[in-house]
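There are 2 protein chains.
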Amino acid sequence: MIRVMTRWLDPDEQQTWRAFLAASRALMENLDRELQRDAGMPHAYYEILVRLSEVPDRRLRMSELADLTGSSRSRLSHAAARLETAGWIRRQECPTDRRGQVAVLTEAGFAALAAAAPGHVEGVRRHLFDALSPAQVDQLRRISEALVVHLTGS
Amino acid sequence: MIRVMTRWLDPDEQQTWRAFLAASRALMENLDRELQRDAGMPHAYYEILVRLSEVPDRRLRMSELADLTGSSRSRLSHAAARLETAGWIRRQECPTDRRGQVAVLTEAGFAALAAAAPGHVEGVRRHLFDALSPAQVDQLRRISEALVVHLTGS
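Going down the list, the sequences are from chains S and F. Residue 1 is where the first sequence starts when you use the numbering used here, and the numbers rise one by one after that. Residue 155 is where the second sequence starts when you use the numbering used here, and the numbers rise one by one after that.
I should point out that these hints are in silico values taken from the structure, not numbers from a laboratory. Possibly wrong hints are sitting among the right ones.
[Unchecked claim] Estimated spans, in silico, between C-beta atoms of each pair: (1) S:Gln36 / F:Gln255: 24 to 32 Å; (2) S:Glu64 / F:Gln168: 18 to 26 Å; (3) F:Thr160 / S:Thr6: 41 to 49 Å; (4) F:Arg296 / S:Thr85: 24 to 32 Å; (5) F:Arg252 / S:Ala146: 22 to 30 Å; (6) S:Gln36 / F:Thr306: 15 to 23 Å; (7) F:Arg252 / S:Pro118: 43 to 51 Å; (8) S:Gln92 / F:Asp251: 52 to 60 Å; (9) F:Cys248 / S:Phe110: 49 to 57 Å; (10) S:Pro42 / F:Glu238: 24 to 32 Å.
The C-beta atom is built at its ideal place from N, Cα and C for all residues, glycine as well.
Taking the hints into account, I'd like the entire structure generated from these sequences.
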């Protein structure tokens, strides 16, 4: 009989994990609440508009957009429907792949993003970067990059 | 006229922020998916059961439970209703405060937590700690603690 022992967390790891959970949750809740209040969109929608704004013709296949925003296809479809109703994106059939769809940022969507960006960036700075030393910002980047490679292989 | 300039993120900060977002999202999605698959609960429910399991009589006021889990009252109420349907908690009127309610972990809830814990802790270790050096674990703890103080004042 093979008995696999659980590798329980030691007290330092436990404290690290709970602090990380609390910090990341509080950070995202602050940013989400402020974006909703000031720009009428949650952070997930903001991120979709950002990604579309950064590519040529401001258009991406839905599958690429899902990868870039770390969304499931179903969650992205739901968000895209809401963004389309707001007039901020359009969805079109993909010209080179009949099964695919592309999302296109509209002028109104670009304007909504441009209006939201200064307040949101200020929030990221105030809630995250203002609390950290330059060395900690560097540490957080290396830790986060290591986790992204570990978890997503990219 | 006072013109307030946006403190835009420099490229290093931008990279740190995007990597942090991608890492924390991928981490929570992995843990959520595994808990749902193996124990039939999302991470938010697991955390409620953990908090109740750690206090005397395994009972907490709903307001304390909301604070400990970083939940809004409405989100916690929704989760508590689901956990009560599963038979894992009971809600009772608070004996010392007629307006308040307490949540009590049931034996079935404790058993569900005990069954879920080894796999979940293994997931936290595999997805988070296994990717980091001991120095990085220490850095992440200090960064997270600084953010918790900054964002929640506690």
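Comparing the hints with the structure gives:
1. S:Gln36 / F:Gln255: 24 to 32 Å: 28 Å, holds
2. S:Glu64 / F:Gln168: 18 to 26 Å: 20 Å, holds
3. F:Thr160 / S:Thr6: 41 to 49 Å: 48 Å, holds
4. F:Arg296 / S:Thr85: 24 to 32 Å: 44 Å, violated
5. F:Arg252 / S:Ala146: 22 to 30 Å: At roughly 51 Å between Cβ atoms, Ala146 (chain S) and Arg252 (chain F) fall outside 22 to 30 Å, so the hint is violated.
6. S:Gln36 / F:Thr306: 15 to 23 Å: 19 Å, holds
7. F:Arg252 / S:Pro118: 43 to 51 Å: 47 Å, holds
8. S:Gln92 / F:Asp251: 52 to 60 Å: 57 Å, holds
9. F:Cys248 / S:Phe110: 49 to 57 Å: Given range 49 to 57 Å: holds, Cβ gap about 51 Å.
10. S:Pro42 / F:Glu238: 24 to 32 Å: 28 Å, holds
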